[in-house]
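Spelled out, the chains give:
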Amino acid sequence: MHPPLTPQKLLLRTSLAGALLVAILLGCSLVGPQAISLKAAFHGPQIGGTPNPDYEILVRVRIPRVLLAAMVGAALAASGVIFQALLRNPLADPYILGVSSGAGLGAMLAVIGGLSWTLWGRSPIALFAFIGALGTVWLVWGIGRVTGKYQVTGLLLAGVVVNAFFSAMIMFLISIARSQQLYATIFWLMGNMTEEDWLVLWVGGGCILAGIVSLFFLGPQLNILSVGRQDARSIGVPVERVELAAFAISAFITAAAVSLSGLIGFVGLIVPHAVRLVFGPDHRQLIPLSGLVGAMFLVVADTVARMVVAPAQLPVGVVTAMIGGPFFLLLLVAHSKKVYWAA
Amino acid sequence: MRKWWLLSAATVLWMASGYALVRSDAGRASEVPRRQIPARIVSMAPNLTEILFALGLESRVVGVTQDSDYPPAAKDKPRVGTFWQPDIESIIATRPDLVVTQTFEQHRDLVRRLQSMGYESLMVDVDTVAGLFDGIVAIGRATGAAVQARTLCQTMRAEVDRFAAATGGQRRVKVLWVVQREPLRVAGRATFVNEMIELAGGENAIGPTLHVYPALGAEQVIAAAPEVLIEPAMLPEMIDEQRIQAMSYWSRFANVPAVQAGRIHVIDGDIVSRLGPRLPAAIRTIAQCLRPDLFGG
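From first to last, the protein sequence lines are chains A and B. FYI, the numbering for the first sequence is 1 to 343, going by this note's numbering. FYI, the numbering for the second sequence is 1 to 297, going by this note's numbering.
Quick caveat, the hints were computed from the structure, so don't treat them as lab data. Among the clues, some could well be false.
To be verified - Chain B side only, calculated, beta carbon under 7 Å to chain A, not exhaustive:
| id | residue |
| --- | --- |
| 1 | THR11 |
| 2 | TRP14 |
| 3 | ALA16 |
| 4 | ILE88 |
| 5 | SER90 |
| 6 | ILE92 |
| 7 | MET117 |
| 8 | GLU120 |
| 9 | GLU195 |
Stated by the list, open to error - Non-contacting residues of chain A with respect to chain B, defined by C-beta distances greater than 10 Å in every case (computed):
| id | residue |
| --- | --- |
| 10 | LEU11 |
| 11 | LEU21 |
| 12 | VAL213 |
| 13 | ILE235 |
| 14 | ARG241 |
| 15 | MET322 |
| 16 | HIS335 |
The structure presented is a predicted model; accordingly, all values stated were derived computationally and were not measured. Every residue gets a Cβ at the ideal spot worked out from N, C-alpha and C, and that includes glycine.
Based on the sequences and whatever the hints tell you, model everything.
See below:
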């Protein structure tokens, strides 16, 4: 068993993880397929009236992309914690209730429909993915409500079936897509990271940060809930309200992350488990630490994805699974003696 | 309860400051005066590279995609990622005045990103034969090579028309254009391949389909009764190997006219799959498969 958590320990661990994240962000923004000079970049956007490529690559391509990876990683890992806690299932991840297939279907419809209008200079794919993701979670949540008010099996089954149904629709759309559209969507479905506009990063980052902080506020109640719903209710925890709030917030930040980056698997599943294995199951710590570790993990994975086959790039989802899988198994073997499985 | 109010207030403040930052930044977007005639051109597709070279712009091309291998001189140009996955860092590093792209989603996305950084781009929709001619004219206009573009179009048009004239009024040869053998996929009617087949005096053996490149079952192959089978090879050096495989695969359809007559052709895929200045050569290649009596085999 892990020793109990004290506020000092929590603060120390989070700040250390935060500092490490900042170091990784800096380091990774200096690495890329195109060698750039930091000194040249500091000359600003222009040198003697001509654009400064070093500055543009660093400030407009690398840094936005690295920050996006951090945001998406944090969102996926933190909501992975919540889904595992609420569904009381160690196999749960942020995609289990259909966010992925809903977002995928939305993105496919936007591509196949050949929508070429833009919203604030952005393609409608992200918007469609976002709507698809939230719509699906809402649908699954509704079905789950009807089928099993006091157990999660109904919800889980609804999620699995809706996922399967929407995946079939995605397959159908893929089968009728033109090859050019096909490539665009396949890259999207495998996780597609690009640099983003600063405004998008600011707004998306704000939403995700606020979401993670609110989940952190729910931490104590989630701890009680993980003992059992009946017990939690008898102590006076408003079970339904906490569950609904946690679901809604994590679905929202997952949808935001997915609409910005496509489907990146594995982060939301293994990061929470890895953090739990090493630091223990207390949600007050699990949520912020998973967020930070998820951010670091995805930033590193994306840097690998950019570098390995440069100037082409791998889909980042491939890298997360290929680095994350073996690493997680090592952790599992090394730490599993210490914990018992209480997700 | 207080922490929730604080969080909401902080979030609102965050969004508001983002809005303020964007407002203050809006006027400062990089406003570098661009040249009238671009001197540094980047091509994002192999067929666009071929067009740029055919317009005599070789010395002004500063970046091409990895798959741009024709004309051979294109291989010496700096690489800016692949057709499907443009690498925006290496595009910026070439300091382009003009980035020429196709119109599909990834390229549209690239153009959006480049535009937000103040780079000029030109999207051309080269997906049909008519689109090719329009694209050449558009590229010529944007690069100050309008005269060369018109000349190139006229020459190409004249050659294409020669094939049409030679096969006009004659019986059309039924062709199945095999994109992939297992599972079997062929080119449907809504493709530029279909246009090239018709310009070469042929006719697609399958009728209109829902899919652009439909998958076919054995039954449909037999019903289509193609007189000629054409397979574009992935790589020129694989033509012979692929021909052997094709022969053994198609021997199972012994009753299909093309197989009976041994008219199974494996041809250079690069020429026929890139819609560019080599269109007449592509049509000649196809015409030689369809009408060896007219064009020599």
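query = With d taken as the least Cβ-Cβ distance between LEU21/A and chain B, does d exceed 10 Å?
reply = Consistent with the label, LEU21/A stays out of reach of chain B, its closest Cβ about 19 Å off (over 10 Å).
task = Please verify that hint: MET117/B, Cβ, nearest Cβ of chain A, below 7 Å or not.
result = Constraint on MET117/B satisfied, holds at 5 Å.
task = Mind checking the CB of GLU195/B against every CB in chain A and telling me if the closest is under 7 Å?
result = violated, 15 Å
Assertion that MET322/A lies farther than 10 Å from chain B (Cβ) = holds, 18 Å
ask   = How about ILE88/B: closest beta carbon in chain A under 7 Å, or not?
value = Holds, about 6 Å.
message = Please check whether the beta-carbon of HIS335/A is more than 10 Å away from every beta-carbon in chain B.
response = Holds, since 33 Å exceeds 10 Å.
inquiry  = Please verify that the nearest CB of chain B lies beyond 10 Å from ARG241/A's CB.
reply    = Check passes; 13 Å lies beyond 10 Å.
key: chain A contact restraint on ALA16/B - CB to CB distance below 7 Å   = Cβ of ALA16/B sits 10 Å from chain A, so the hint is violated.
message = Restraint: SER90/B near chain A, CB-CB cut 7 Å. Satisfied or not?
response = holds, 5 Å
request  = May I ask you to test the interface hint for GLU120/B with respect to chain A, counting a Cβ-Cβ separation under 7 Å as satisfied?
outcome  = violated, 12 Å
request  = Identify whether the interface hint at TRP14/B stands, where standing means a beta carbon of chain A within less than 7 Å of its own.
outcome  = holds, 4 Å
ask   = Does the no-contact call for VAL213/A survive, Cβ to all of chain B over 10 Å?
value = violated, 6 Å
The structure does not agree with the numbered hints 3, 8, 9, 12 stated previously, though it agrees with the rest.
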